[in-house]
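Enquirer: Sequence:
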Amino acid sequence: MERKEDNYRLMLALFYVLIFPGNISQYQNKIDAFSLDSDTKRFVRLLFQPVLIYGALWTTGADKYLIEKCDFQKCLKN
Numbered sequence: 001m002e003r004k005e006d007n008y009r010l011m012l013a014l015f016y017v018l019i020f021p022g023n024i025s026q027y028q029n030k031i032d033a034f035s036l037d038s039d040t041k042r043f044v045r046l047l048f049q050p051v052l053i054y055g056a057l058w059t060t061g062a063d064k065y066l067i068e069k070c071d072f073q074k075c076l077k078n
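Numbering (my numbering), first residue to last: 1 to 78.
Among these hints, one or two may not hold up.
Claimed, not checked - Straight-line alpha carbon distances no greater than 30 Å define the calculated DSSO-like cross-link-like pairs of lysine-lysine that follow:
id, residue 1, residue 2
1, Lys41, Lys30
2, Lys69, Lys4
3, Lys4, Lys64
Unchecked claim - Here are the in silico distance ranges between beta carbons for each label pair:
id, residue 1, residue 2, range
4, Glu68, Asn7, 11 to 21 Å
5, Cys70, Phe15, 19 to 29 Å
6, Glu68, Asp37, 40 to 50 Å
7, Asp32, Gly61, 33 to 43 Å
8, Asp39, Phe15, 23 to 33 Å
9, Ser35, Cys70, 29 to 39 Å
10, Thr40, Lys69, 33 to 43 Å
11, Lys64, Ser38, 33 to 43 Å
12, Arg3, Ile31, 32 to 42 Å
13, Gln28, Leu52, 12 to 22 Å
14, Glu68, Phe34, 34 to 44 Å
For the record, the hints were derived by calculation from the structure and aren't laboratory data.
All residues carry an ideal CB built from backbone N, CA and C; glycine is no exception.
Please model the complete structure; the sequences and the hints are all you need to start from.
Expert: If you want it as structure tokens, here you go:
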């Protein structure tokens, strides 16, 4: 996971995570932007954003790394 392209993909996944709250706000407040002029279009974008995040992680192998390194039982207890 040391390649330059992997770093770009990880940064892209982080970008998708950081803009997710703004997209939720856009949906809740019915704000039109970027050709998203209906609640349906905004909601569909919200559904696919986790897919984009996972896709960016999957292409780098970071998904497997996170699963292997994280003890989910311990994470759930916190």
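Enquirer: Work down the list of hints and note, for each, if the structure agrees.
Expert: Hints, verified against the model:
no., hint, verdict
1, Lys41 with Lys30, "11 Å, holds"
2, Lys69 with Lys4, "22 Å, holds"
3, Lys4 with Lys64, "19 Å, holds"
4, Glu68 with Asn7: 11 to 21 Å, "20 Å, holds"
5, Cys70 with Phe15: 19 to 29 Å, "22 Å, holds"
6, Glu68 with Asp37: 40 to 50 Å, "43 Å, holds"
7, Asp32 with Gly61: 33 to 43 Å, "38 Å, holds"
8, Asp39 with Phe15: 23 to 33 Å, "24 Å, holds"
9, Ser35 with Cys70: 29 to 39 Å, "37 Å, holds"
10, Thr40 with Lys69: 33 to 43 Å, "38 Å, holds"
11, Lys64 with Ser38: 33 to 43 Å, "37 Å, holds"
12, Arg3 with Ile31: 32 to 42 Å, "38 Å, holds"
13, Gln28 with Leu52: 12 to 22 Å, "20 Å, holds"
14, Glu68 with Phe34: 34 to 44 Å, "37 Å, holds"
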